[in-house]
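A.B. asks: Chains A and B are the protein sequences, given in the same order.
Take 1 as the starting number for the first sequence in this note's numbering and just add one per residue.
Take 1 as the starting number for the second sequence in this note's numbering and just add one per residue.
Keep in mind that a hint or two might mislead.
[Unchecked claim] Derived pair list, reagent style PhoX-like, types lysine-lysine, alpha-carbon separation capped at 20 Å:
no.	chain 1	residue 1	chain 2	residue 2
1	B	Lys71	A	Lys197
2	B	Lys183	B	Lys143
3	A	Lys159	A	Lys143
4	B	Lys197	A	Lys71
5	B	Lys183	B	Lys159
6	A	Lys183	A	Lys143
Quick caveat, the hints were computed from the structure, so don't treat them as lab data.
One letter stands for each residue in the lines below.
Number of protein chains: 2
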Amino acid sequence: MNETIYDVCIIGGGPAGVAGGIYAARKRMRTALVTETFGGQSLVSAEIQNWIGDIALSGLDLAKRLETHLKAQSGIDIIEGERVTAVLRDSGGLFRCLLGGGIAPTEASAKGGRTITARAVLVASGSRRRRLGIPGEDRYDGKGVAFCATCDAPLFGGKPVAVVGGGNSGLESVVDLLPYASKVYLLHRGQVLKGDKVTEEKIAAHPNATIIRGATPVEILGDAFVTGLTYRLADGATATLDVAGVFVEVGSIPNSELVASLVERTHWGEIIVDHRTQRTSCEGVWAAGDVATGLYKQNNISAGESITAILNIYDSMHGIVRPAVAREKPPGT
Amino acid sequence: MNETIYDVCIIGGGPAGVAGGIYAARKRMRTALVTETFGGQSLVSAEIQNWIGDIALSGLDLAKRLETHLKAQSGIDIIEGERVTAVLRDSGGLFRCLLGGGIAPTEASAKGGRTITARAVLVASGSRRRRLGIPGEDRYDGKGVAFCATCDAPLFGGKPVAVVGGGNSGLESVVDLLPYASKVYLLHRGQVLKGDKVTEEKIAAHPNATIIRGATPVEILGDAFVTGLTYRLADGATATLDVAGVFVEVGSIPNSELVASLVERTHWGEIIVDHRTQRTSCEGVWAAGDVATGLYKQNNISAGESITAILNIYDSMHGIVRPAVAREKPPGT
Numbered sequence: 001m002n003e004t005i006y007d008v009c010i011i012g013g014g015p016a017g018v019a020g021g022i023y024a025a026r027k028r029m030r031t032a033l034v035t036e037t038f039g040g041q042s043l044v045s046a047e048i049q050n051w052i053g054d055i056a057l058s059g060l061d062l063a064k065r066l067e068t069h070l071k072a073q074s075g076i077d078i079i080e081g082e083r084v085t086a087v088l089r090d091s092g093g094l095f096r097c098l099l100g101g102g103i104a105p106t107e108a109s110a111k112g113g114r115t116i117t118a119r120a121v122l123v124a125s126g127s128r129r130r131r132l133g134i135p136g137e138d139r140y141d142g143k144g145v146a147f148c149a150t151c152d153a154p155l156f157g158g159k160p161v162a163v164v165g166g167g168n169s170g171l172e173s174v175v176d177l178l179p180y181a182s183k184v185y186l187l188h189r190g191q192v193l194k195g196d197k198v199t200e201e202k203i204a205a206h207p208n209a210t211i212i213r214g215a216t217p218v219e220i221l222g223d224a225f226v227t228g229l230t231y232r233l234a235d236g237a238t239a240t241l242d243v244a245g246v247f248v249e250v251g252s253i254p255n256s257e258l259v260a261s262l263v264e265r266t267h268w269g270e271i272i273v274d275h276r277t278q279r280t281s282c283e284g285v286w287a288a289g290d291v292a293t294g295l296y297k298q299n300n301i302s303a304g305e306s307i308t309a310i311l312n313i314y315d316s317m318h319g320i321v322r323p324a325v326a327r328e329k330p331p332g333t
Numbered sequence: 001m002n003e004t005i006y007d008v009c010i011i012g013g014g015p016a017g018v019a020g021g022i023y024a025a026r027k028r029m030r031t032a033l034v035t036e037t038f039g040g041q042s043l044v045s046a047e048i049q050n051w052i053g054d055i056a057l058s059g060l061d062l063a064k065r066l067e068t069h070l071k072a073q074s075g076i077d078i079i080e081g082e083r084v085t086a087v088l089r090d091s092g093g094l095f096r097c098l099l100g101g102g103i104a105p106t107e108a109s110a111k112g113g114r115t116i117t118a119r120a121v122l123v124a125s126g127s128r129r130r131r132l133g134i135p136g137e138d139r140y141d142g143k144g145v146a147f148c149a150t151c152d153a154p155l156f157g158g159k160p161v162a163v164v165g166g167g168n169s170g171l172e173s174v175v176d177l178l179p180y181a182s183k184v185y186l187l188h189r190g191q192v193l194k195g196d197k198v199t200e201e202k203i204a205a206h207p208n209a210t211i212i213r214g215a216t217p218v219e220i221l222g223d224a225f226v227t228g229l230t231y232r233l234a235d236g237a238t239a240t241l242d243v244a245g246v247f248v249e250v251g252s253i254p255n256s257e258l259v260a261s262l263v264e265r266t267h268w269g270e271i272i273v274d275h276r277t278q279r280t281s282c283e284g285v286w287a288a289g290d291v292a293t294g295l296y297k298q299n300n301i302s303a304g305e306s307i308t309a310i311l312n313i314y315d316s317m318h319g320i321v322r323p324a325v326a327r328e329k330p331p332g333t
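Using the sequences and the hints given, assemble the complete structure.
C.D. replies: Written out as structure tokens, the structure reads:
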């Protein structure tokens, strides 16, 4: 059996994975990239206004452009529609990326039999949505409980809905819902919303939007479909909103389980990286984008981090050592 | 006098400055951005193939798109065609950015009388080209000594030329020159070229290109125009190439002098930053892109760093403290 040993296996097809793939191919590194889909979590955005260089484009457009740019490179093997379930290091120091499942697995990987072997791994697997973990959330999932306002807003025409979460994704969900819903409540656990001011102002000025601060959801009520959301305020008082929909926008969980046995992670599951090189605690494994400890999760930040990672992998392959940061010499020395 | 106090003054109009400006405006921060031109050093690139999301675009196109995206934001004051010569901190802790010179200064700033006052400063002023510092370089500047192959290649039709520098910019200059020059020599001080393999292979395969490794330029010869380039090899032997042009591509000098009195810098003049937040050693001053200590100088990396900086400035304005990176709890605790 003639097994291919890649220089690097990139896991992910969002802005981080794609940026890394493009740079790796241009560096003539022998590269495999595994991803279920392209575009990352922005795929479901109706309109992105902060992808630098484009005034506005849809998540689908961004995904398509990333995919097209990546596929214009030669010398990169793209394994699409599949998922890496675990990365292991063998006794020879090579990494084995196990394929299993995904949205369109080959027969071999569905059986768990296929692996990608590489000298280095770049984990750019992003994150997934966090859930509330309260009664009714699972039961009414798809029956009023929703996780994507862009996708589902039109289903709530003329009905009152609640959005849970005071970050950008919560605020943007409110904006997406206002053209459809008769009323939109925004519930935020804290007192200060954490998204863009420009969006907050738009919401605050809208007659059909109400912001409820200091509110913790406790239960989603319903019969066949959602009928209400009960929440608790800081003073212990509870109240129930009559709503037909609850949009959950309470953050993300890093997709880092696949390297849990290899690298150090935070309490929240982010892969701990050195932010100058994107190296993890495991030699040979780099991480970039939403799966890593970067402070802010943004498409352009992910792309930049991943390029840094690939250039650092390239340096490491070629024995290039970059000098550590040294202070300026004091004057006169 | 009603002086505007900005939340942030962004210095620079390359990918870093523009990305920061867009994010600052969207965060409704009171923002000033000062730049002579848009697009940064890529402005002179004939074709950029690694701006993520675009298979290919010219430096001019990228500059135009950055400018257009920035100017589509409301609530940002753009001071164009001018240069910040120094940043000082006043006794009240505010920063004064002194305007002086630039390609199109107003009368007031030409006199050195105009300042921008801000609570925070993001230095995204990039870098400029390094020179060889050998005899003949200044004398024949514009008479055969050139710093931009994209710009000047057509002037050397049918003539032999030399490119000095074995990084990406040197390699790309060779590619730019080959359609015009009768012969292109690439001189590199070291033994291993440091640019993209794909470009190196293209050059190595071209009959009109010759790579000379271990070569240190010592003098540029000429009469009215350049006639030759003398270099020394590692063993001390010298040789002279008969060339009509010498393209200098030996790296960059960070444009960090304007904050020399405020922040810590490296031997090379890069502003030392914390790579998770882009903070400098001076509270209230952030830096991003080619002027800072990032390992790799790439457009997408600069954009990402600058977005991190702006979001960190925003956090700092609003008293938001992000948790430090904490390790995962050991199993069983």
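A.B. asks: All hints are to be evaluated individually against the structure, with a verdict given for each.
C.D. replies: Results for each hint:
Restraint check: the Cα-Cα separation between Lys71(B) and Lys197(A) comes to about 19 Å, which is no more than 20 Å; the hinted pair holds. Restraint check for Lys183(B) and Lys143(B): satisfied, since their Cα atoms lie roughly 18 Å apart, inside the 20 Å limit. With a CA separation close to 14 Å, the supplied pair Lys159(A) and Lys143(A) stays within the 20 Å bound. Restraint check for Lys197(B) and Lys71(A): the C-alpha separation of about 19 Å stays at or below 20 Å, so the hint holds.
Restraint check for Lys183(B) and Lys159(B): satisfied, since their Cα atoms lie roughly 7 Å apart, inside the 20 Å limit. Using a Cα cut-off of 20 Å, the hinted pair Lys183(A) and Lys143(A) holds, with the two alpha carbons roughly 18 Å apart.
Violated hints for the displayed structure: none, as all numbered hints are satisfied.
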